[in-house]
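Undergrad: Starting from the structure of chain A, add chains B and C with the ligand where the hints point.
Chains as they are written, first to last, in numbering that gives the first Met the number 0: chain A, 0 to 637; chain B, 0 to 322; chain C, 0 to 446.
FYI, nobody ran anything at the bench for these hints, they're computed from the structure.
Computed from a prediction, not measured in an experiment: that's the story for all the values here.
Among the hints, erroneous ones may be present.
One-sided and incomplete, this derived list gives chain A residues near chain C with beta-carbon spacing under 10 Å [as the list claims (entries may be wrong)]: (1) Gly-148; (2) Arg-492; (3) Val-495; (4) Val-499; (5) Ser-590; (6) Thr-593; (7) Ser-598; (8) Asn-601.
Rough simulated footprint, nothing fancy, chain A against chain B, three-plus residues with beta-carbon under 8 Å [as the list claims (entries may be wrong)]: (9) 199-206; (10) 215-221.
For glycine and all other residues, C-beta sits at the position ideal for the given N, C-alpha and C.
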Amino acid sequence: MPAQQVVYVERGALLQEAIEAAGIPLALPCGGQGRCGRCIVVVQEGQVRRRSVARLTPQEVEQGYALACQTLVEGDLVVYVPPQEERIVRLEVGLAAEKEAPEVVVCEHEQAPWVAKCHLKVDPPSLADNTTDFERLQRELVRQHGITGLVASLPIMRKLAGALRAEDWEVTAVVEKGTWASSQGPPRLVDIRPGDTTEHTLGLAIDIGTTTNVVYLVDLQSKALLGRASAYNGQISCGEDVISRIIYSQRPGGLEHLQQLVLNTLNGLIDELLAAHGASPEDVYFATVAGNPTMIHLFLGLDPRHIRLEPHIPTVNHPPPVRAGELGLRIHPEATVDCLPGVGAYVGADITAGVLRSRMSEEEPITLFIDVGTNGELVLGNKDWLISCACSAGPAFEGSGVVSGMRATVGAIQEVWINPQTFEPTYETIGNAPPKGICGSGMISLLGEMFITGVIDKSGHVNRSLDTPRVREGPGGGEYVVAWAAETEDKKRDIVLTEVDIQNLLRAKAAIYAGMNVLATSVGLELEDIERILIGGAFGKYIDIEKAIEIGLLPDMPWDRFAYLGNTSVQGAYLCLLCPEHRAMVREIASKMTYLELSADNSFMNAFTSALFLPHTDLEQFPSVREKLRNVERLGGS
Amino acid sequence: MAASVPSVQEKWTGKVREVTLGALPADGGTRGRTVTVGGENTLPFLHFEGEVPHRPAIAIEIWDHPPEDWSPILLEAWGDVLQDVGAWAKKAEEVGADLIALTLDSAHPEKGNTSGEQARATVRKVLEATTLPLIVYGPGQVDKDNEVLVAVAEEAAGERVALGNCEEGNYRTIVAAALAHGHLVIGKTPIDVNLAKQLNILISDMRLDLDRILMDPTTGALGYGLEYTYSVMERLKLAALMGDSMTQQPMIVTTGFEAWRAKEARVNEGVPAEWGDWTKRSLLWETITTMALLEAGANIVVMRHPEAVKKIRQVIDKLMTKA
Amino acid sequence: MGLSGLAIYKLLPKTNCKECGFPTCLAFAMKLAARQVELSACPYVSDEAKAVLDAASAPPIRLVKVGPEERKVEVGNETVLFRHEKTFYHPPGFFYRLKDDEPADAFAARLEAVANYGVERVGIELKADGIALQSAAGSADAFGERAAQVVSAGLPLVLIADDPQVMEAGLKAAQGMAPLIYAANAENWETMASLAAQYGAPLAVFGEGLETLAELTEKIKGKGVEDMVLDPGTRGWSDSLAAFTQLRRLAIKKNYRPLGYPIIAFPGEGTEDELEEALLAGQYVAKYAGFIVMDHFDPASLYPLLTLRQNIYTDPQKPIQVSPGLYEIGKPTPESPLLVTTNFSLTYFSVAGEVEGSGIPAWLLVADSEGMSVLTAWAAGKFDAERIAKAVKSMGVAEKVAHRKIIIPGYVSSISGELEDELPDWEILVGPREAINIPSFLKQFAA
Ligand code: SF4
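If we strip away everything but chain A, and leave its shape as in the complex, we get (with noise of 0.2 Å):
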């Protein structure tokens, strides 16, 4: 409980200064401007003048919300103040600017996953009953599960006879009733243990991203999410991004290494999840992968240089099932890993899953979908038709080829303000941990506050005039100091944000906005004409709408229109994993999708280029940005 403190002020004055003279600590993030909302206290008696109620609901007003740093004491007044976290807190679940992504969806389908397991009482043979083994187990399926017609493969069938003597003819047999690629069976027998094991059924949904790998483990049974796991993808070492990696790929031994890189990476996640659950890999039986066509050629060693090179054909759009054994995924090796289906050379299984994802393709309203990754992907449309387009924006809001950037983990700088009259920032971080570096949702808000504050010009550069150690010259050009190496976790380096830095963040929101614009026009449709936009991406926990309007990502409408859906890629590939009706509908997805290629004209790189400046060349377009600039302005900012 804050303790009651009783202080005089001059009418006229502002809250925020009588909270100070009471010696309460209240931060100032935004340097008082009303722009963070994190100075909001509750008058609860007595009258007061708000200059600004920015963040604040009408409701909120109505029940006596006020920003300390904009609100005017006019008589007598009781405020509560409430404590920081608390403050903090409620702006994560007031603000709709900021949206927590779910985890999964959950499929609404009643249908079971491909894979089951069947505990099977078996009549051990006699004399007087001597049917194989196989055909004994084919017989009991049948009678028991109603599965018939069983096929199995030669390494199960060595195991068959041991199995089923081992625990008195009890067995658990995991049977894969068909894959999309032949759907009505015949029922294959992935494995055969001894006993009752049914309660490990586990399943894989995998992400194949080009700078994060993430893997869902999934228990197939009662179809829940047991645990995930992420990492950078082990190929960066050989190239950010696709191009790099295809180019990579073109050297002695390249193809084998690439591909080695990204199974030591999944299979180090796999045995990371299978440890934390006290499972082994030979209790995972099914495996989805999403992924961009590059990342999916290179996961199962097909040669992907025809993608980079005109016409950009790639071997295959929707690969075959195969087998974990022949592949060196750690799971069970009969276990099917099944790649999702992708569009062409730059559009691939993991757009199709996230549109699955999304919903868009059943649904009436004009959606936007946007994939923030390496490769930005597009893809507009609704039940009726879809149209994607892929910018390549650059793993920057990923947090790899910044300087100071990270994935969002731990330490990662997620939210900054600055203080446009000191130019000081207040920042947090991912967990409150001394930050180590800047994720993309950091990089969007530091960005934006750069920008607002006049640290940078609308072209991005920074002026080397301001009166701040925060703005130096660095060995790459001008650059802006987030954090002290003192304050760091590991306090050997600042964390800053460069003049390069900033131009490659530029060029990744410019492409994005500009695929907007033009996958928009080329259907003779207006931003303003989208009646929704979802987001999926690796931001994290969440992506500040408010920001990235500022700085131009996202086109500037009412909040309520975005939704940030979180790693759709993934969730999409656990949505086939659970259930063959989403299968089915991914592959008409991927059917029906038209691709459009952005370089074949002047239009792109024209939307490019306008977008390349903050907000946009065109501040008509963005009016709330203009606002703010203007009260910035007005309240003496630089």
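TA: Coordinates of chains B and C with the ligand only, in the frame set by chain A:
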């Protein structure tokens, strides 16, 4: 039966900003006249649907030292005045210039590396030799541009000289000099609508009034990218008329410089007979380039050959005549 | 312009059967909207949809063809007011005026000069297009004779005569050559229209003012003549600009059919001065003429005009490119640094601009990346070791540069190994990623 033809008059909501070069004694300068460009609220010379209050102005380009690499046709046309920047300015005024565009070429590190002091003296001399308003270009090298243009800005304080060129990576110093001493700036961007607009925004973010900014979209000569410049200018003009404030700066193009760089104007040896008479071809190279860009929306054309200037002057006269 | 891709898609079967050769109906619809395919490629379009789509795709300006197939001049079919909106499709024809009373020698000589004029520019052969034969003598025989002479030279013809009898003599001589008849007017339109119909020749229509002109074209159309060309009677700079602009806007923006035809212009009738005639012809090239009748033939003016026409009628949707080559920035010596970049114009300009701004003279080698920026070209394999090596070898770099060091953009540092293999005599240096860092790089390099 009288056909009723529908009206195709556009109702443009925007217009090009008026920009005045030069200042009279009453306004703190010493010029005999000022030149105002811009102000049109329709596409070039479409008098049937709007106002074109000011005719496009012709600037003649002069150098602060005799240009070595100019075409012999130009050297012959100007003769002795090339030796003396004051005489050259005077002659340019006589042959029909509205503006004098002085290039401080000798300040280039490779071409003499002359100082800011020298630039002051040159500008003083030109101001005394002519009553026309000035455009002054640096040598096109960032550090020297900044050095000599700041000197010129001080020397010619109050004269509303157009200082060029500001570019995206180097605009702050020149804009600051223009702000401090009452001048104009020319923002030059490489044949791109967005970049042109962005530079206008960056310059005006430094609080230089918009009526003191000219934009140079970068000129491509006939046969050497003319069409790119032509279309970028048409797009900028259309955007201006549609009310996009940051594209409403008058446009300046350096058609003389670019046309005389073309092989067709520069040389006559070993060229096909089908190219025709050298002098006539060169004159047409400069005038067609200029004419095309005038029709695309140029407000100031910077030219080189006195005959070409004369022709373009006649053309502008006719284009300014209401039908 | 016609319907948007989405609007067309709604009229298609939406089955994504792929028989049209496109992966989806939407992809096909977008190609239709861009006029890059024919509707007939889809076997399943309903009649109803066909009717709607055909109507929407009819060209607002009629395509008119003059001359024999081998040298035909086709104009019209334009869809935009400004070339950046799409492109200008059919460049205007330059026709040189000859009078039928000229002495035979002079006539033959001028005819030959026009017929034989041809010059190459950036790989394209530029030619004069045809002859505008004017009846000066008022004699049908003379006109017919001279027309036959032009026909035997194989050139397209504009026949200029007021007297229908004279005109007919010309038409007879030029049977099957689709000459343009100039001109039907308020007095003679009926006979001219029947001549046009009889000889299958396009008909120019003269009328002062757009109303008069529209009235005439409607009446002539009533006689079954479809191929017309307009002359609104203006001759000078600003009146022509106004009239031609209005004609183009009426066709494109209002889809006004009575004036949906190409325009003929006579710059020589707008001025006495030869140079000014050429300039005025230049205005007509840029602003909407389909046929330009010139009075003075001179290579010194024709060449720049053909160049202008080529510029204006270049497809602007292609990225702006600079021609590949070895560029001098400042006055480089054989010792000056050598940088390589792509031929996308903005890339070139920013690199050249920074090098120039650095004050250090340098050689800039521009490789052919098909107009793509460094990163895009690299991604598509159009700025790789092979292409750079080819540029080094084919542009005479080794003759102009004494040293053997080449600076490549930082973004393609990964190709330096391969480039070393391709250019074993060269040292490959990796420059900065961003152009803004070039000056400091060059200063260090030079130091
Ligand atoms: S042929 Fe017709 S129905 Fe089939 S995909 Fe093409 S447009 Fe659609």
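Undergrad: For each hint, tell me whether it holds in the structure or not.
TA: Here is what the structure says about each hint:
no.: 1; hint: Gly-148; verdict: violated, 33 Å
no.: 2; hint: Arg-492; verdict: violated, 21 Å
no.: 3; hint: Val-495; verdict: violated, 16 Å
no.: 4; hint: Val-499; verdict: holds, 6 Å
no.: 5; hint: Ser-590; verdict: holds, 6 Å
no.: 6; hint: Thr-593; verdict: holds, 4 Å
no.: 7; hint: Ser-598; verdict: holds, 6 Å
no.: 8; hint: Asn-601; verdict: holds, 5 Å
no.: 9; hint: 199-206; verdict: holds (count 3)
no.: 10; hint: 215-221; verdict: violated (count 0)
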